[in-house]
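Colleague: Chains as they are written, first to last, in full-length UniProt numbering: chain C, 1 to 183; chain H, 1 to 183; chain E, 1 to 183.
Heads up, some of the hints might be wrong.
To be verified - Here are the computed lysine-lysine pairs in the BS3-like style, where the Cα-Cα straight-line distance is at most 25 Å: (1) Lys178(E) x Lys178(H); (2) Lys49(E) x Lys178(C); (3) Lys178(C) x Lys178(H).
Said to hold, decoys possible - Sample of chain C residues lacking proximity to chain E, with all beta carbon distances greater than 10 Å (derived): (4) Arg12; (5) Leu93; (6) Thr98; (7) Pro103; (8) Asn142.
Simulated from the structure, these hints should not be mistaken for lab results. From a predicted model like this one, the values you see are computed outputs, not experimental measurements. Using N, Cα and C, we set each Cβ at its ideal position, and we do this for glycine too.
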Amino acid sequence: MSRLILITGGARSGKSAFAQQLAESLPGPHTYVATSPVTDPEMAERVRKHRLARENHDWQTLEEPLDLAGTLARTEDCPTVLVDCLTLWINNLMYRATNNRQPLTEEDVEEHCRAVIGAAHQHPGTVIFVTGEVGLGIVPENREARLFRDLLGRCNQSLAAAARQVTLVACGLPLHLKQENTP
Amino acid sequence: MSRLILITGGARSGKSAFAQQLAESLPGPHTYVATSPVTDPEMAERVRKHRLARENHDWQTLEEPLDLAGTLARTEDCPTVLVDCLTLWINNLMYRATNNRQPLTEEDVEEHCRAVIGAAHQHPGTVIFVTGEVGLGIVPENREARLFRDLLGRCNQSLAAAARQVTLVACGLPLHLKQENTP
Amino acid sequence: MSRLILITGGARSGKSAFAQQLAESLPGPHTYVATSPVTDPEMAERVRKHRLARENHDWQTLEEPLDLAGTLARTEDCPTVLVDCLTLWINNLMYRATNNRQPLTEEDVEEHCRAVIGAAHQHPGTVIFVTGEVGLGIVPENREARLFRDLLGRCNQSLAAAARQVTLVACGLPLHLKQENTP
Chain C
1 MSRLILITGG
11 ARSGKSAFAQ
21 QLAESLPGPH
31 TYVATSPVTD
41 PEMAERVRKH
51 RLARENHDWQ
61 TLEEPLDLAG
71 TLARTEDCPT
81 VLVDCLTLWI
91 NNLMYRATNN
101 RQPLTEEDVE
111 EHCRAVIGAA
121 HQHPGTVIFV
131 TGEVGLGIVP
141 ENREARLFRD
151 LLGRCNQSLA
161 AAARQVTLVA
171 CGLPLHLKQE
181 NTP
Chain H
1 MSRLILITGG
11 ARSGKSAFAQ
21 QLAESLPGPH
31 TYVATSPVTD
41 PEMAERVRKH
51 RLARENHDWQ
61 TLEEPLDLAG
71 TLARTEDCPT
81 VLVDCLTLWI
91 NNLMYRATNN
101 RQPLTEEDVE
111 EHCRAVIGAA
121 HQHPGTVIFV
131 TGEVGLGIVP
141 ENREARLFRD
151 LLGRCNQSLA
161 AAARQVTLVA
171 CGLPLHLKQE
181 NTP
Chain E
1 MSRLILITGG
11 ARSGKSAFAQ
21 QLAESLPGPH
31 TYVATSPVTD
41 PEMAERVRKH
51 RLARENHDWQ
61 TLEEPLDLAG
71 TLARTEDCPT
81 VLVDCLTLWI
91 NNLMYRATNN
101 RQPLTEEDVE
111 EHCRAVIGAA
121 HQHPGTVIFV
131 TGEVGLGIVP
141 ENREARLFRD
151 LLGRCNQSLA
161 AAARQVTLVA
171 CGLPLHLKQE
181 NTP
């Protein structure tokens, strides 16, 4: 059974860099699963920088906006997988559901999370998920934004319950919320 | 003198569920003080779910949007009281004050908090308050929202200073900010 | 080489009061460096309250919205300097850059931070910086706000990497993210 690790934090907290360093401290080759469909120049620039930061290492990059469980099943020969990030994954699931006129519910998110957790537990290596904390501001006026933060919060709770390590990153520094030792 | 406990966290952080489990680990019967006036379907659905989660236990529910001090005085025969949540309480106080054309100030909030803390300290059992962290986003453009986050922050500081235990919940996991042992 | 301390937290988390108490526990005389240009009545009231809170102590106040490195160089005879806060400093740098039609970038922020860190390290005493966490809410719709939270996050990471102590304040209570002992 794999090690499942969850790294969370706010925007520009250093969570992705922390997760990447953690991954690079573990056996390679490494797989980076990017959940971002690149849709605007701001995003493209971020992706470019993230890619540069990895380029001197033995990383392969997969882009997968939706099917994380299937992607994890296809990376079982890779000892360390980094999924960056669940925030965009939930966003993508929400967007697809809305397009299908079937708004995503918390129950849907729990089901998607169960599949991802299952695939992560099947994985023989370490799977590190990066996610975001978006629930510590004022209640958003926008109904979609309120739904998004509820769905992401639910996702984070599910993953954290299944994870062996959960770390909140602030100012680039880790704060461990959960740390179970290997039996 | 009672034990006063403060549980804080962001939206969908698992703070209410954590507070409820903590309450259920303490002697019953339990009283749940709901500060939410149910004003819209989204809220009604949340209340319904919260109520379901409690229904197999010896909980009685009181709804009290404003007079928390008086409500605590009336529950002194109940060893464990859970007040969920201060976020809505401050919101309700603010709304009433605005209707009375006397906008709520930080000094008003401190006075209300003193009364609630006094009632909690008179209570012979354990009083657990759930609150929210709303100050870790961008400064809201809306003036009312800015005032609300200042008032709630003030309230949280007052309660935390008086509490024996203060716990921040993130991803469903507790991070203890304060933990005093019983003398 | 000075002690560099970073105190962070959300709005009304008690971070400034915590930083001030920390400063007052260290040798005086103390210098308070205010980065706020007082531009509106709401701000003026905050500044007035902060000033009142300091008035019984041996504080001198300097107002400096932009040149923190130069200001630190001019306070080397003062054993304890409190800079409150970096949130407004980044805001001021951003505003000036926009006025000059040269939008501030993360690279610019890193350069400004290097200068400030250099000045703080030259300082013979303790330099305490207060900053804010603004990245834990929903992605702001406003592009300027998105840029601001990225720039501030970058600034906080730079300062935290250089600091000997980094403390997150929530509900008025400290959570230490980093604490290095003096060699």
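Colleague: Take the hints in turn and mark each one as holding or not.
Modeller: Here is what the structure says about each hint:
1. Lys178(E) x Lys178(H): With Cα atoms ~18 Å apart, lysine 178(E) and lysine 178(H) stay inside 25 Å; holds.
2. Lys49(E) x Lys178(C): violated, 40 Å
3. Lys178(C) x Lys178(H): holds, 18 Å
4. Arg12: Label violated. Min Cβ-Cβ 2 Å, cutoff 10 Å.
5. Leu93: Holds, since 17 Å exceeds 10 Å.
6. Thr98: Answer for threonine 98(C): holds, closest chain E Cβ roughly 17 Å.
7. Pro103: holds, 18 Å
8. Asn142: It is violated; asparagine 142(C) is separated from chain E by about 8 Å at its closest Cβ, not greater than 10 Å.
Taken one by one, the earlier hints fail for this structure at numbers 2, 4, 8, listed in ascending order.
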